[in-house]
Amino acid sequence: MSEISPVDEMRRAIDTARESALAKIKAARDSGELRDLGIELNKKDSRLVALKSEMGKLSSTDEKRAVGQHLNSATNEINSALALRNTEFADQELSKRVEGERLDLSELLTTRRRGHSHIVTQATQRLEDVFVGLGFQVAEGPEVETDFYNFEALNMPKSHPARSEFDTMFLEFGEPGSTLLRTHTSPVQIRVMKTWKPPIYAIMPGRVFRRDTPDATHMPVFHQIEGLVVDRGITFAHLAGTIEAFTKAFFGNEFTSRLRPSYFPFTEPSAEFDIRTPEGDWIELGGCGMVHPNVLKSGGIDPEEFSGFAFGFGIDRMAKERHKVDDIREMYTNDLRFLRQF
Amino acid sequence: MKILNSWLNEFGPFGTNIEKISNAMTSLGLAVEGVETIGQSVKGVVVARVLRTERHPDAAKVHRVFVDSGDGTELHVWCGAFNMKAGDLVPLATLGTTMPDGRVITARGILGIESHGMLCSGTELGLTADSEGILILPKGLKLGVDVFAALKIKPDALFDLDVTRNRPDCNGYLGVARDLGAHFGIQIAAPAGDGAKRGAKKSMKVTILDKKKCSRYNATVISGVEVKSSPDWIARRLTNCGMRPINNVVDASNLVMLELNQPTHAFDAATVNGGFRIRCARRGETLTTLDGQEREFETTDLLICDGKDQAVAIAGVMGGAATEINPSTTVVALETAWFESAGVARTAARLGLRSEASMRFERGVDPHGIDHAVSRFAKILRESCPNLVVHSGAADVKEKHLPPKQRVVNLRLSQVNRILGTSLSAKAVASLLGKIGFVAKSAQSAKHPVLKIAVPSWRPDCESEIDLVEEVARHFGYEKLGKLVPQSTMHGRLSVLQLRRRELRDLICSLGLSEAMPNPFLAPGDLTRAGVTESNAIRLANPLVFEESVLRTSLRPGLLKAIKYNLSHRAEDIALFEIGHVYPSGEQNPTRELPDEYESVCLVAVGESSRAALDWWSQISAVMNFGAQLDQSSVEPGFHPARSATLRRGRQVLGFVGELDPRVLAKNEINSTVACLELDLSALLAETPRVANAKPVSRFPRSDFDLAFVVPNSQSAAAVTKALRQGGGTELVGLELFDVYRGAGVSDDSRSLTFRLSLQAVDRTLTDAEVSATRQRCLDAAAKLGARLRE
Chain A
1 MSEISPVDEM
11 RRAIDTARES
21 ALAKIKAARD
31 SGELRDLGIE
41 LNKKDSRLVA
51 LKSEMGKLSS
61 TDEKRAVGQH
71 LNSATNEINS
81 ALALRNTEFA
91 DQELSKRVEG
101 ERLDLSELLT
111 TRRRGHSHIV
121 TQATQRLEDV
131 FVGLGFQVAE
141 GPEVETDFYN
151 FEALNMPKSH
161 PARSEFDTMF
171 LEFGEPGSTL
181 LRTHTSPVQI
191 RVMKTWKPPI
201 YAIMPGRVFR
211 RDTPDATHMP
221 VFHQIEGLVV
231 DRGITFAHLA
241 GTIEAFTKAF
251 FGNEFTSRLR
261 PSYFPFTEPS
271 AEFDIRTPEG
281 DWIELGGCGM
291 VHPNVLKSGG
301 IDPEEFSGFA
311 FGFGIDRMAK
321 ERHKVDDIRE
331 MYTNDLRFLR
341 QF
Chain B
1 MKILNSWLNE
11 FGPFGTNIEK
21 ISNAMTSLGL
31 AVEGVETIGQ
41 SVKGVVVARV
51 LRTERHPDAA
61 KVHRVFVDSG
71 DGTELHVWCG
81 AFNMKAGDLV
91 PLATLGTTMP
101 DGRVITARGI
111 LGIESHGMLC
121 SGTELGLTAD
131 SEGILILPKG
141 LKLGVDVFAA
151 LKIKPDALFD
161 LDVTRNRPDC
171 NGYLGVARDL
181 GAHFGIQIAA
191 PAGDGAKRGA
201 KKSMKVTILD
211 KKKCSRYNAT
221 VISGVEVKSS
231 PDWIARRLTN
241 CGMRPINNVV
251 DASNLVMLEL
261 NQPTHAFDAA
271 TVNGGFRIRC
281 ARRGETLTTL
291 DGQEREFETT
301 DLLICDGKDQ
311 AVAIAGVMGG
321 AATEINPSTT
331 VVALETAWFE
341 SAGVARTAAR
351 LGLRSEASMR
361 FERGVDPHGI
371 DHAVSRFAKI
381 LRESCPNLVV
391 HSGAADVKEK
401 HLPPKQRVVN
411 LRLSQVNRIL
421 GTSLSAKAVA
431 SLLGKIGFVA
441 KSAQSAKHPV
451 LKIAVPSWRP
461 DCESEIDLVE
471 EVARHFGYEK
481 LGKLVPQSTM
491 HGRLSVLQLR
501 RRELRDLICS
511 LGLSEAMPNP
521 FLAPGDLTRA
531 GVTESNAIRL
541 ANPLVFEESV
551 LRTSLRPGLL
561 KAIKYNLSHR
571 AEDIALFEIG
581 HVYPSGEQNP
591 TRELPDEYES
601 VCLVAVGESS
611 RAALDWWSQI
621 SAVMNFGAQL
631 DQSSVEPGFH
641 PARSATLRRG
651 RQVLGFVGEL
661 DPRVLAKNEI
671 NSTVACLELD
681 LSALLAETPR
691 VANAKPVSRF
701 PRSDFDLAFV
711 VPNSQSAAAV
721 TKALRQGGGT
731 ELVGLELFDV
741 YRGAGVSDDS
751 RSLTFRLSLQ
761 AVDRTLTDAE
771 VSATRQRCLD
781 AAAKLGARLR
791 E
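These protein sequence lines map, in sequence, to chains A and B. Residue numbers for the first sequence follow this note's numbering, so the first one is 1 and each next one is one higher. Residue numbers for the second sequence follow this note's numbering, so the first one is 1 and each next one is one higher.
Chain A with its partners taken away, still in its complex shape (with noise of 0.2 angstroms):
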């Protein structure tokens, strides 16, 4: 057995301790014992230190730096596996912590109760919609109006015979006969003349009201939409044209619409409109017509220069229709098991 050399003896050394405190870190089972274990590796008393000291013992310039890397590279090594051994320790800890804040969700889910507007006021809005993207605008006006704008304003004066089918309510305001509810919203037409100037593409919709005794299909107090078109040039095809988009945009692509002729005061020539579902069957659904010259007039309009068209109908059946609602009543009964429902 040949005899080792210093240097190779102090190598050994150094082996054995990086070894040993390797071997003491992995073995190593929290943060508390790694970092007891740090202190200790790096105290006076330990191997590695006392190895360096042991290094003065070498004779030659070259044992010593061969010896010293060997120690520097072993120390290196050492304090890495230490502090990756701590980055594992503090994500376990945190995983651990984390898994122990685990809520039950579902225990925290309240259900919050949605309020529901009304079918009328969504059928409102939806036609709304479809109107402005038709490009009109949304025109309102008062429910209490005068003789004039329901009536004389729009081609029924005094006498005139049709008045007596809107069972029209009067108010005991101003002169008897004076004030009224609404029986429609054309009223509306007249205001937006008098305010806005051609071209006028508007909408209306509103309460209206008639003496009319409830039923199934009937309230005193309903709603009505109402369309005007006042411009230079407006046909009784722009009438027909505007009716068949609607129809499209709001019933669907399948649909088609008709005008047939029919009376209004307010219009000439009138129509009713009626729409063709893709069964087949054909459903009255408002009025129309040009504008009656008398009409623009009362607008402060000159019908020699403008003409225009003007259409209506129910929203209550709209919605009433949709939801399948048997009995129109239902709709105003304000019971919150019907309301909550749409």
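Among these hints, one or two may not hold up.
What the hints assert, rightly or not - A few chain B positions that, by computed beta-carbon distances, are all more than 12 angstroms from chain A:
1) I38
2) F66
3) K142
4) S585
5) L594
Claimed, not checked - Covered by chain A, per the in silico footprint, the following chain B stretches (three or more residues, Cβ under 8 angstroms):
6) 162–168
7) 337–350
8) 473–480
9) 505–511
In short, the hints are calculated from the structure, not lab data. C-beta atoms are modelled at their ideal positions from N, C-alpha and C, and glycine is treated no differently.
Given the coordinates of chain A, assemble chain B onto it according to the supplied hints.
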């Protein structure tokens, strides 16, 4: 107006293609409400003779009828009608017959006795509208044959037309036929008049005193009348058209009315004393009409009186009972007149007496169709009265107010094409109008043709150019006018107000409230019961019912009713709102046209306190970017006096927040608290959000500190907040009340309010000295309200 197709075909060869005719009517503006097939033979129903009838001791409501249907065997039938006697001919539905209503006749009887068929009423067979009793058939029919064949009844169609107000002519077959004739290019003809020679001169004097209300009155004397039932075909036509056959004279009058839209009235000439005087009634004058009712008149009602000035009929509405046709009538005085429509309308409406005649006079009849109507009446009556004599020399008084036979209306070709979007020639327009009897007189100047259209007297509705444009459109065909979408130069959009209303509604829904739409009509007392003054409310002059005779001035009464309704149905979490108009009268004076109507929103939740209401308000205020001050010193009546506030902005009252007054709730039988927020939307929605200019953001540190005050209950938190804000000045960038404490350490008449204040300057770091100086100013300002710093 009911139109029987077979009858219509007497005016022109329209044929029996019902769908084609119906579509044509629709496209002409004669709205077809329905088409009924009548006289459709019911297979298995045969003529039978009643042999005898017999009661059964255990059956009170039915009896046993024994009949022979031609083969000599006696058939037994249970029957619930008692109007037949031995020897009568009746329709028998034999076993296995399927009735028009789908019933199948079986032998099932009662009391263990079978029934070998069923005896039928006219209604059950679709023959008459009269369902009383079994149909008794005319004598002489052969037993066992099909009833419809025996009666020579062929299937027919009955159109139910909704005739619009502008088409008075279509209240008669002639008008409908004229339109259809023009549509199909079919020549039509009015029904034939009486060709017989007029008899000896015999007349009754006619004096018209009110020449405007009555501009033509023809009184024709007709003798040789025998009053009896009408021939079958007349009775059936009238029945089909919804009129009850009375006797041959009245029926002839009604038939003429249906054909020609000309009402006539037949008086028993013997009961009319010396001619006719047409005048307005004297106040309080009375007449017993045909229906047996005594009518009292106003001075605006037009009466037909006899020569002794005794009222005999209400002009255009109904005849008197004393002069009506009766079995002994032999001479008839036939009135065929033209009454002004508005007058007839007013009288009929006032008396609540709308007759077929008054309806036609109201809409308008042809003042120049009278002669033909008289002649047609005679022709029809002659069928049942072969010795009829129409006397010559009839009085026919025409006044100057009578509309002319033709009225000329100018029609610019340019106007036709401008409104309809067509490029029709003058010739085409003249041709379309010519087919319905509107004669184009001349087309002036080739460049701007104006057609002079002679409008016939049966179309009183066509008065102006636009009326003629409509006629052109109708006969050209609406469907041929095309469909074009106008090139709108307008930008479609909702206004700011409308967008904000939608935003508000969505927000309120997201707060858990559902939208109600209570009746805006209230019962007298409802407002008072809600704590709202009723003196400002407008009443309806003609309410449907007393309970709905007051217009609301607040949304609260309606929502209270909705709460009560839902409570009675045991609803939970009752939370409702309404956005709607209210109509306080405001000050009434002659210059004001309309009341103070405005839009309002009201939110209510049962079982909630003012805390909930304030939460609603703070969310609405934040989302709608709309602030207001809470003023608890004045509380709106109807709200809880100690738990509610007025929302103010300057002098303007925006609304009310809090709880409803427990006394109001008690009166409305609501046994729980109700949180309530009511806002005037006219201000809230009209507010246009301002465009904000950017301000520099401070880059210097902020100093935060808390101040806890003991504040007497008499001072509101809002007042302290306001004082602190003033004390803090521009450097106070944050101020929040974050704790309210009552209890140990604080005297009973006070509470502790803790505020967090944040100070920051835009241009520098605030020094400690500056911060403490500002803090002191805040303390001083609060001290003035009696707020001391809590130890």
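Hints, verified against the model:
1. I38: holds, 24 angstroms
2. F66: holds, 47 angstroms
3. K142: Given that every Cβ of chain A is farther than 12 angstroms from that of K142 (chain B), nearest at about 46 angstroms, it holds.
4. S585: About 6 angstroms separates S585 (chain B) from the closest Cβ of chain A, which leaves it inside 12 angstroms; violated.
5. L594: violated, 6 angstroms
6. 162–168: Since three or more residues must qualify, the claim that chain A covers the segment 162–168 of chain B holds, with 4 doing so at under 8 angstroms.
7. 337–350: holds (count 4)
8. 473–480: holds (count 4)
9. 505–511: holds (count 6)
Hint compliance for this structure: hints 4, 5 are broken, all remaining hints hold.
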